[in-house]
Amino acid sequence: MSEIGRLAVVLGFLVALWGIAASVLGALRRDERLIASGKHAAYAFSALTGIAVAALLTLLLRHDFNVEYVASYSSSTLPTWYTIAALWGGMKGSLLWWAFILAICNAVVQLQNRDKNRDQMPWVTATMLMVGAFFLALLVFITDPFERLPFTPREGSDLNPLLQNYWMTIHPPSLYIGFVSTTVPFAFAMAALATGKLGDAWIRTTRRWALFSWFFLSLGNLFGAAWAYVVLGWGGYWAWDPVENAAFMPWLTATAYLHSVMIQEKKDMLKVWNMALVILTFALTIFGTFLTRSGVISSVHSFTQSGMGPFFMGFLLVILTISIGLLIWRLPLLKSRNELESVFSREATFLLNNLILVGIAFTVFWGTVFPVLSEWVRGVKITVGPPFFNKVNAPLGVALVFLMGVGPVIAWRKATAKSLWRSFAAPMGTGLVVGALAFALGARNFYAVLAFSVAAFALATVWIEFWRGMRVRQAMLGEKPWTALSRLIGKNRRRYGGYVVHVGIVMIFVGIVASSVFKLEVQRSMKVGDSVSLGGYTVRYDGIHQESDAHVDSTYALVSVWDGEGPAAVRVGEVRPEKRFYKKPKQPTTEVSIWSTLGEDLYVVLGSYDPQSQLAVFQVFVNPMIAWMWIGGVVLALGTAVCMWPSYTERTVAVSARVPAGSRPA
Amino acid sequence: MSRKLKFLVGASVIVLAVATLIYSAVRETSAYFMTVDEYAKSVEAHAGKQLRLAGRVSNGSVKWDPKTLDLEFLIRPIPAKEAAANAVAHSGGTKTATVTTTDAEAALITVPVRYNGILPDMFAADRDVIVEGKVENGVFHAKTLLTACPSKYESDQYKENAQDAPASDQRAALDPAAAAGAGATAQ
Chain B
1 MSEIGRLAVV
11 LGFLVALWGI
21 AASVLGALRR
31 DERLIASGKH
41 AAYAFSALTG
51 IAVAALLTLL
61 LRHDFNVEYV
71 ASYSSSTLPT
81 WYTIAALWGG
91 MKGSLLWWAF
101 ILAICNAVVQ
111 LQNRDKNRDQ
121 MPWVTATMLM
131 VGAFFLALLV
141 FITDPFERLP
151 FTPREGSDLN
161 PLLQNYWMTI
171 HPPSLYIGFV
181 STTVPFAFAM
191 AALATGKLGD
201 AWIRTTRRWA
211 LFSWFFLSLG
221 NLFGAAWAYV
231 VLGWGGYWAW
241 DPVENAAFMP
251 WLTATAYLHS
261 VMIQEKKDML
271 KVWNMALVIL
281 TFALTIFGTF
291 LTRSGVISSV
301 HSFTQSGMGP
311 FFMGFLLVIL
321 TISIGLLIWR
331 LPLLKSRNEL
341 ESVFSREATF
351 LLNNLILVGI
361 AFTVFWGTVF
371 PVLSEWVRGV
381 KITVGPPFFN
391 KVNAPLGVAL
401 VFLMGVGPVI
411 AWRKATAKSL
421 WRSFAAPMGT
431 GLVVGALAFA
441 LGARNFYAVL
451 AFSVAAFALA
461 TVWIEFWRGM
471 RVRQAMLGEK
481 PWTALSRLIG
491 KNRRRYGGYV
501 VHVGIVMIFV
511 GIVASSVFKL
521 EVQRSMKVGD
531 SVSLGGYTVR
541 YDGIHQESDA
551 HVDSTYALVS
561 VWDGEGPAAV
571 RVGEVRPEKR
581 FYKKPKQPTT
591 EVSIWSTLGE
601 DLYVVLGSYD
611 PQSQLAVFQV
621 FVNPMIAWMW
631 IGGVVLALGT
641 AVCMWPSYTE
651 RTVAVSARVP
661 AGSRPA
Chain S
667 MSRKLKFLVG
677 ASVIVLAVAT
687 LIYSAVRETS
697 AYFMTVDEYA
707 KSVEAHAGKQ
717 LRLAGRVSNG
727 SVKWDPKTLD
737 LEFLIRPIPA
747 KEAAANAVAH
757 SGGTKTATVT
767 TTDAEAALIT
777 VPVRYNGILP
787 DMFAADRDVI
797 VEGKVENGVF
807 HAKTLLTACP
817 SKYESDQYKE
827 NAQDAPASDQ
837 RAALDPAAAA
847 GAGATAQ
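Which chain is which? The protein sequence lines are B and S, in order. Take 1 as the starting number for the first sequence in this note's numbering and just add one per residue. Take 667 as the starting number for the second sequence in this note's numbering and just add one per residue.
Read the hints as simulated data drawn from the structure, not as lab findings. Hints should not be assumed to be uniformly reliable.
Stated by the list, open to error - Calculated pairs, DSS-like style, for lysine-lysine (alpha carbon to alpha carbon, straight line, at most 30 angstroms):
| id | chain 1 | residue 1 | chain 2 | residue 2 |
| --- | --- | --- | --- | --- |
| 1 | B | Lys-527 | B | Lys-491 |
| 2 | S | Lys-670 | B | Lys-197 |
| 3 | S | Lys-707 | B | Lys-418 |
| 4 | S | Lys-672 | S | Lys-707 |
| 5 | S | Lys-729 | S | Lys-715 |
| 6 | B | Lys-418 | S | Lys-800 |
| 7 | B | Lys-583 | S | Lys-729 |
| 8 | S | Lys-729 | B | Lys-391 |
| 9 | S | Lys-809 | B | Lys-527 |
| 10 | B | Lys-267 | S | Lys-672 |
| 11 | S | Lys-672 | B | Lys-335 |
| 12 | B | Lys-414 | S | Lys-670 |
| 13 | S | Lys-800 | B | Lys-39 |
| 14 | B | Lys-267 | S | Lys-670 |
| 15 | B | Lys-391 | B | Lys-519 |
| 16 | S | Lys-672 | B | Lys-414 |
| 17 | B | Lys-414 | B | Lys-335 |
Said to hold, decoys possible - Just a sample of chain B residues kept apart from chain S, beta carbon distances all over 12 angstroms, derived:
| id | residue |
| --- | --- |
| 18 | Ser-37 |
| 19 | Ser-374 |
| 20 | Met-470 |
| 21 | Ile-489 |
| 22 | Gln-523 |
Since the model is a prediction, treat every value here as computed from it, not as a measurement. Note that beta-carbon positions come from the ideal geometry of N, C-alpha and C, so glycine has one too.
Chain S with its partners taken away, still in its complex shape (with noise of 0.2 angstroms):
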């Protein structure tokens, strides 16, 4: 064998080992990912799947146990008009959304979250969130909750307010309602 055929063979078991390792770490670690309503049809299919699972926070819905860190709520589909301007914006203008629901039915189709663990800072009722974890009896058993706030690093409550002046003194009134609109806040 020349030597320079051994460096290929040698060069390609490398590429086939990394190869191999992506292969069996994505079976065994990925998750679907969704929104509620696309979940909602499709529910017998991910049965007991490792899901990822996004939508809005029901309001009146949030029932914390500070005493056992029992958490759970309902979450429904986040309205078609904020979400197909969310995806629009999140592709760059290049995607369609895909979400169809009206906000009536969106309303109507709800999944039962449980979670064990501390509340993140921006979780509160009609927030969206990322769950993460498996559907077990209907009920969705989360490991992971995380707070999907669009906004995270920049302040475009700015420019809903933006319109009239005094701006500041108007945000001040609108987001205390947002923040403490769940049962429980951290505050």
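Chain B with its partners taken away, still in its complex shape (with noise of 0.2 angstroms):
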């Protein structure tokens, strides 16, 4: 089975070597035949490295630890969804993983496009083989992932425990399928830069794919927030950590992508500007493959250190090269027909909210890579950590809100102030008067009351558009209230469905301002039936359990929560925080137990536990508003799925394209 994965990965380095050779010279030439064998390689490639990966997993399950692979990250006791998840939870699997969406990404994009783009597509075949023949090239090479052992161990050294987890097994390859998406726009913009065909077409082909990587990079950084939560045990979600930001940075740009694109289909500007977001985003995603294994930049997401980085580092700057010295040479055809008219318009709003994004993933990539730079250019390594980036980000974080309620509502081309009052004065108002409810109610810190106050000024809008575009059906129409709703989001579902993800990114901004303002920890040595109390809660300390099993020995305290503090505190539920000690890669970690409500989180450590002073440590902390990151990570979802969804005219031109003509219903 090795051997048919090692052959598969071979086979399709090689035909996408063929395939890149076969597209470009076809392109150049317009040789019909030569493009049509390259657009065979491209199903190829997708097939073999589709083989390449079912035979990993063939190998996984059967428990073959005479794999190296295998035997390094799964082990005969391992639960089969973790020994799936074993696919990716080392570095070459993951590597062949990445390869693996890849190919389907090809695939898809091979049959969307079969009788459409005949011009751009032996490009974007090109493009997409070559990413595909880098990451097998990595494989082939330098590290195999079918490597078989001179013996057979007995037994293999199972998953890492931390890895051993729900939101591991999806966070993932969420953010994979994120990251490799970015590769199909990429293609088109190359593509349509190598034609010159730079019309609205390469633009309107990568338009869902664009927003489907966005989705998925989206879900891969609240899984991945979810999984340090419930995982890592210190109370937080997000501690700026290189890798954290690797993926982050490709989100903000693949952001203000979605925005700007809207500004180059309504008033064909900002076209170079969008390639160059389009390019970033890819290499930004490379990039951050590069973070994760290099160990540039050391990080507890790392790897083990392998010498791939020169490897991604040369790749990159290919890519890089080849990118913008197209962009370069385009640079004639790309100018732009109208330009901005005033300050206050939505054009000039939706650069404003670029420029934002763009200087937030500046100022991460900025934060990531200091260390390298300072000792590049003063020999000493100076760090940046968390407080460096929540400083420079949380002005820039409530900028970007404000902006997001004025973009959608701001007049085309110039506002007069009476449109911008008649749109404004409600929102405003509403900003102002949860601004001062918060400041009432004790919040007392300059950010969060401007954070909630910008928060309930973009919910207001997007509110009042909602609200507005139902009255008028109402009133024309004579539709009843949720048939008005229904269909006004139906007629225009990239509108609505981008207010329905706007309400859920204020919600998870709100999330993250609550929860990071008005955190509450304490820590605390407790004997059975001691109790502490913290931000309205009491917890006690009933007693402690110790099991066993194969797999795992845990040690797990019992603790009632009560709410309130002293005598008037009612009993409301238990949580048992827990110590394991997994016996295979023998290790010790802590599982958090968590009381949530909407209102706030009480999350519980059990720092440790000693036999024989019978003292148990606990940590305790009261997280604001987490609730609502969760929340608002399902209603972004949700708008994402809204402005995906074919539109009902896309629809019957897909239905009635398939049905030969004369075979159509009369």
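Reassemble the complex: the two chains are provided individually, in unrelated frames, and hints are given to aid placement.
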């Protein structure tokens, strides 16, 4: 089986090389046969990569410990679900997994465009296969996932316990899908530059792909936050770790692109900027993969160091050189016919939003590479931690949410004072009232008050948009409220889906602000029967239990949760913070226990337990409004689904295209 | 002023604002990152400054009081051989190690560290840690304590023991010793 996998990887690599050559030559010489051959190579690449993944999966499920990868990341007692997750749990597997997702994207793109974009497709194929060939080359020449050991261990060393978690099984695949699918818009952008067909075609073709990739980047980041929150046990969900940053940066530039592309569609402006954003987003995903695998910047997420850094760096340079070269070559064709007319216009607001998003991406980039830069320049390693990122991004984040309220409503071209007043008086009022309310309720942090205020402002503009649209339909068409609402959304999915996404983002924003500004924490050493109060909760340590199975020894504390402090407190439930000791990779882990409500999370960690003195050390956090982040994530997902759902016309066009002429019902 | 110029000025204001934000935040929040022996050569220069120090927890130096959560230990340089191996691996083979102390010398240089709080899961004697904080009167007061485990997401212990089968038994024999080496472990 490992021979099949290895063969598939090698053949996949060769086929990809052939596909690149055939497509490029075919496009240059207008040789249909070469182009067709390139297309076939693209399908073959997808199929071979699929076979390689299937082979590795089979080896994992068969527990063939003679294969180094299987022995390193799984064991015979590992639950099946995590055995599958081991596919992307180690470095070699994760590279193959990356190639696999690319293979799927590639196959879908080829199928979608079998009769479309004839001029561009050879270039799209070549670009995608180039990325595919790079990843397969790593597996062929540097690190072989199908490597066999000179002996067969009786048992594997198992997957790292920290990875044996529900979120961990869905977080990496989401992020990988988000990362890899940015290749599609990138490939079409390259094709547009290469062919000189720089109209709207490439943007329309990749609009849904860009949204798709943004969707998975969003989910990947949120799942990662959720994993950190429930598994790592330090009370937070985001530590500005280099690898988190690596996943966050492409999200920022992709978000910027989704907005600025609307300006290109409507006003034929920002063409160079959009190209730059597509290139940047793709380059950042490669950079992110490079960060996790090169060890240039130390991070908790690092894979084993492998000397792969230079290859990624080289690939990144090749990509940037080619794409920026093409962009400069085509600059004359990308000249815009329109220009900005007023600062008080939707165009200007979108531009500002783009500058801030890219600005945030830049600050994150700067903070991430700062240790390396300072070492080069000054010979000393200077690091910046979470305080740096929080300090810089707090004002930028608030500004962004404010613009989120302004952007969708402000007039195109030039807003008059009267239209500004009509659109924003009510939302502004709402924002001010909420800000004052937050202050009256005891919020004394400047940013928090400001943040709640702009969040209310942004929500109010969305609310008014929905309300007005509904009222208009009710008045003009005499529809019932719910019919009016659903048809309003149905007729303009992109716009109203986008608003729903905005609501999700505001929820996440509020959750982040509240939980980072108003977080409470206490660490206490307790005997059985002791209790500690924090933020309106009391927790009492009721006892300790120990359990053991083949996989893990666990010690958990019974801790009752009381609402209120002192004698008036009411018992509302129980949490069981736990300490686990995994038997296979001998490693202790902490399992936090969370009492979650819409208002706040009571987050209890069992720090340590001493059998002699019977003392247990607890760390208790009260994290306000965390639940809103996860709810916001669901809202965001729903909103994106609304945006991506094919519109009525698209669906009918797709159907009628498939029905041969003549057989159509009269 | 032409419209284009106006927007150019506006855009540069934003760029400048971001740059200022970065500049001031770097000044306020940055910390020097060094190894214990690099620090040992310049103790005076770094007194009272924000530091991130990487070192190895000295054997038998861990004192932990579970009642007060006060933790004291000594950190020493990470032995040159391993540090070099790590440094090369960490830089993808392009950088040479800066650490030049021999094992014997390394054993002599230690920095006392104080910390208050819960012990991280992977904290133990002979483990590598990164502490962040300030030095006062020769004692490093750590605000954060990170256990640097190079194999955190990968089981490269497997390789060390892979020479002779059955590997799993050997590993079982090796690892608890490391885990139980500290005066206080979580279990």
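- Query: Taking each numbered hint in turn, which are not upheld by the structure, reported in ascending numerical order?
  - Reply: Of the numbered hints, 1, 3, 4, 6, 8, 13, 19 and 22 do not hold.
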